[in-house]
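S.K.: Heads up: the sequence lines are chains C and G, in that order. Be aware that the first sequence starts at 1, since it is given in my numbering, and climbs by one per residue. Be aware that the second sequence starts at 1, since it is given in my numbering, and climbs by one per residue.
A portion of the hints provided could be inaccurate.
With a straight-line cut-off of 20 Å between C-alpha atoms, the simulated SDA-like cross-links for lysine to any residue are [stated by the list, open to error]:
#, chain 1, residue 1, chain 2, residue 2
1, C, Lys333, G, Glu122
2, C, Lys333, G, Gly144
3, C, Lys333, C, Asn88
4, C, Lys333, G, Ala189
5, C, Lys333, C, Ile322
6, C, Lys333, G, Asp191
7, C, Lys333, G, Ala192
What follows is a set of in silico ranges between Cβ atoms, one per label pair, in the way DEER data are often shown [as the list claims (entries may be wrong)]:
#, chain 1, residue 1, chain 2, residue 2, range
8, G, Pro184, C, Val159, 56 to 64 Å
9, G, Gly61, C, Phe327, 29 to 37 Å
10, C, Arg7, G, Ala283, 54 to 62 Å
11, C, Leu12, G, Gly117, 46 to 54 Å
12, C, Phe327, G, Ser112, 45 to 53 Å
13, G, Asp168, C, Val22, 37 to 45 Å
14, C, Ile15, G, Ser112, 51 to 59 Å
15, G, Arg118, C, Met90, 40 to 48 Å
16, G, Pro124, C, Gly42, 53 to 61 Å
17, C, Ala134, G, Gly291, 54 to 62 Å
18, C, Asp237, G, Gly143, 25 to 33 Å
19, G, Gly143, C, Asn311, 40 to 48 Å
20, C, Asp237, G, Asp168, 43 to 51 Å
21, G, Asp187, C, Val113, 53 to 61 Å
FYI, nobody ran anything at the bench for these hints, they're computed from the structure. Quick caveat: nothing in here was measured; it's all calculated off a predicted structure. Just so it is clear, CB atoms sit at the ideal spot from N, CA and C, and this is done for glycine as well.
Each chain, written out:
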Amino acid sequence: MADVRRRGRIALVFIVLAALAVGALWADVNAGYRSISLEELGQVIAGTAPQSLAYTLVELRLPRVLASMLVGIGLAVAGCLLQGVSRNDMADPGVLGINAGAGLLVAAFIVFVPEGLMPSGAALPVLAFAGSLATALIGWRLSLVRGASSPARLLLIGVALATGLGSVTSLLMLRMGDGDYAFVQNWLAGSIWGATWPNVIMLAVGLAVLVTIALFAARTLNVLALGEAAATGLGVDVRRTSAGLLAVAVGCSGLCCAIGGGLTFVGLVCPHLARRLVGPNFRVLIPATVLVGAVLMLAADIISRTLLMPNEIPVGIVAAVIGAPYFLYLLAKS
Amino acid sequence: MRRRAEKAAEARAGVLAGAESPEERALDAASADVRAEEPALCEGCDSSCDRFSEAALRGEGISVGYGERVIIEPMDVAVPAGRVTVVIGPNGCGKSTLLKALARTMPLRAGSVYLNGRAIAELPTAEVARQMALLPQAPQAPGGLTVGELVAYGRYPHQRGLGRLTRDDRAIIDWALGLTHLTPFADRAIDALSGGQRQRAWIAMALAQDTGLILLDEPTTYLDMAHQLEVLELLRDLNREQGKTIALVIHELNLAARFADWMIAMRDGTVRAAGTPNEVMTAPLLRDVFGLDALIEPDPWTGRPSLVSYRLAGE
């Protein structure tokens with residue numbers, strides 16, 4: 001009986017989260033000077049809308065809104081995987097030094113590459129992604145002791161890398177003019193800026209693959225959560241699967257970093273919130289984390305775009321301002 | 001036979017209901033046990049008996065250590081098939097390390113472990129997990145995980161893909177919950193259970209793994225006396241009634257002698273003796289292994305050798 005009740009509760013959580021996600025998506029599409037009615041949406045879909053409306057919706061709003069949502073999903077899943085593999089509730093994609101490595105390359109590009117040599121809109125996402133992966137690999141290499149890494153060591157090394165790379169970035173930023181400085185500062189705080197359709201599509205495809213892998217790894221994550229010895233006893237090759245899952249997490253957060261900059265809080269807080277809602281079983285936790293990540297990022301995006309209109313607050317700051325009090329509340333409660 | 005099972009079940013039900021005082025529970029469990037105690041398969045037989053000749057798990061020349069530090073000296077060791085084997089020894093003697101080395105959770109420096117005659121290092125780890133279950137010392141379940149979910153995780157080495165439970169999986173999970181008397185607790189969170197129930201939940205997970213061999217590292221360490229007995233009786237029932245080979249590390253010598261068919265006594269990373277309780281629970285051996293002067297008498301209720309009193313051995 002209790003099992004049925006629990007399943008019902010979890011189903012209800014999913015229905016509510018999905019409704020919230022759809023609502024937040026619609027609200028975010030509408031956030032801005034011009035709101036869009038359902039009727040107008042119908043016209044855009046039917047192709048009978050005035051061109052300016054179609055342009056606002058399809059070229060400006062939608063890619064931006066979808067990019068926010070996808071970044072939220074990717075970071076939340078990355079955090080969920082990292083927390084699962086490391087059995088450390090404080091693990092967050094930012095902790096691996098991924099954002100710092102991406103930020104360093106972005107800052108270096110702005111300082112060293114003369115303006116006009118390369119279009120920054122195309123170069124920066126690629127650089128940010130490369131910086132993420134390179135930092136993760138360096139961290140992995142440094143964490144090897146006697147040929148074996150451990151998630152705990154990897155996280156510690158990530159903290160050190162983040163601090164070190166961050167200070168080099170600061171050094172570079174001292175040489176920047178006001179405009180560049182503000183851009184990099186915004187990037188580091190986390191802003192959705194690379195929201196073009198090609199970027200959004202790449203992000204969507206990449207995340208679809210990685211999240212699918214994560215879903216298939218759910219049962220392994222469940223067993224890993226019992227500890228290394230118990231997981232081995234149940235037939236998990238702990239080292240190999242941990243490395244593979246870390247790579248998936250790094251891929252997710254690298255992709256998000258390329259579009260969303262140095263967002264940190266989302267990856268930490270979303271898995272916690274999802275766990276509170278549906279429990280620790282990764283088979284339901286990962287889908288719940290996807291929805292929570294989408295809702296949180298969309299909500300943050302709405303606030304970031306409307307609060308100080310026409311100026312935009314970096315969405316990472318909004319996410320942290322929403323997330324931090326809630327996170328403190330969670331910690332105080334548990 | 002039937003009476004015995006009923007009595008044992010009643011004793012456990014008493015523990016579950018928690019209606020009695022701890023003293024009464026201990027007494028009840030103990031008296032149930034007196035009746036339950038059948039003469040061990042062939043009481044009085046020794047290690048030459050061919051009941052012990054077939055090994056479910058065997059280490060050949062295995063040693064464990066890092067750099068200069070040796071934890072397990074090169075040794076041959078066997079866990080006889082179809083028996084309950086208990087490893088004893090003082091703190092730091094390497095008994096838990098030996099169990100981990102046999103369970104492949106601790107890398108070997110030398111030697112090989114054979115599981116049902118096949119080298120464990122050459123078997124896929126999931127295949128090993130279909131033949132041998134492991135219950136680590138003081139295992140931790142994530143907060144909020146239910147008993148049913150934990151037990152379902154025992155099906156891991158038998159699953160593929162997304163890990164949906166099949167009808168067979170569910171049947172085995174129900175069977176494991178039933179044997180460990182946890183059916184009514186399936187939807188409870190592990191962290192809301194008593195220590196004894198929690199340990200039974202982990203044993204149920206190992207049962208759901210559906211292996212012939214179960215290794216347990218100090219399954220009774222944090223339990224009170226009644227719960228220790230409850231867990232050990234469960235393990236013995238699993239051995240006698242389900243034919244599981246069981247090997248465990250425990251600290252308490254009298255419990256070891258009472259439940260073991262086969263004992264392995266270790267000191268300083270070496271095996272000092274291996275044999276039946278009558279062969280291993282002797283004054284000279286306890287002096288050698290623990291540095292104790294021990295007075296050993298047959299337990300009037302179980303007939304097993306038991307430690308009546310002891311003092312530190314004089315030089």
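S.K.: Mind checking the hinted window 51 to 59 Å against the Cβ distance between Ile15/C and Ser112/G?
M.R.: 54 Å, holds
S.K.: When you take the CB atoms of Asp187/G and Val113/C, is the distance between them in 53 to 61 Å?
M.R.: Between Asp187/G and Val113/C, where Cβ atoms are some 60 Å apart, the hint holds.
S.K.: Between Lys333/C and Asp191/G, is the straight-line Cα distance small enough, at 20 Å or below?
M.R.: Holds - the C-alpha atoms of Asp191/G and Lys333/C are around 16 Å apart, at most 20 Å.
S.K.: For the hint 45 to 53 Å, verify it against the beta carbon of Phe327/C and that of Ser112/G.
M.R.: The hint (45 to 53 Å, Cβ to Cβ) holds, given that Phe327/C and Ser112/G are roughly 49 Å apart.
S.K.: Check the hint pairing Lys333/C with Gly144/G against an upper bound of 20 Å on the C-alpha distance.
M.R.: Holds - the C-alpha atoms of Gly144/G and Lys333/C are around 14 Å apart, at most 20 Å.
S.K.: Please work out if Lys333/C and Glu122/G have their alpha carbons no farther apart than 20 Å.
M.R.: 48 Å, violated
S.K.: Does Ala192/G sit within 20 Å of Lys333/C, going by the straight-line distance between their CA atoms?
M.R.: Holds: Lys333/C and Ala192/G sit about 17 Å apart, inside 20 Å.
S.K.: Would the hint linking Lys333/C and Ala189/G be met if the CA-CA limit is 20 Å?
M.R.: Satisfied, since the Cα-Cα distance of roughly 18 Å is no more than 20 Å.
S.K.: Cβ-Cβ distance between Ala134/C and Gly291/G: within 54 to 62 Å?
M.R.: 57 Å Cβ-Cβ, so the 54 to 62 Å window holds.
S.K.: Given a hint of 37 to 45 Å, does the C-beta separation of Asp168/G and Val22/C actually sit inside it?
M.R.: Given about 39 Å between the Cβ atoms, the range holds.
S.K.: CB of Arg118/G to CB of Met90/C, is that within 40 to 48 Å?
M.R.: Holds, since Arg118/G and Met90/C (Cβ atoms, about 42 Å apart) stay within the stated range.
S.K.: Could one say that the CB atoms of Pro184/G and Val159/C fall in the range 56 to 64 Å?
M.R.: 46 Å, violated
Going down the numbered hints, you'll see the structure goes against 1, 8, 9 and 20, while the others check out.
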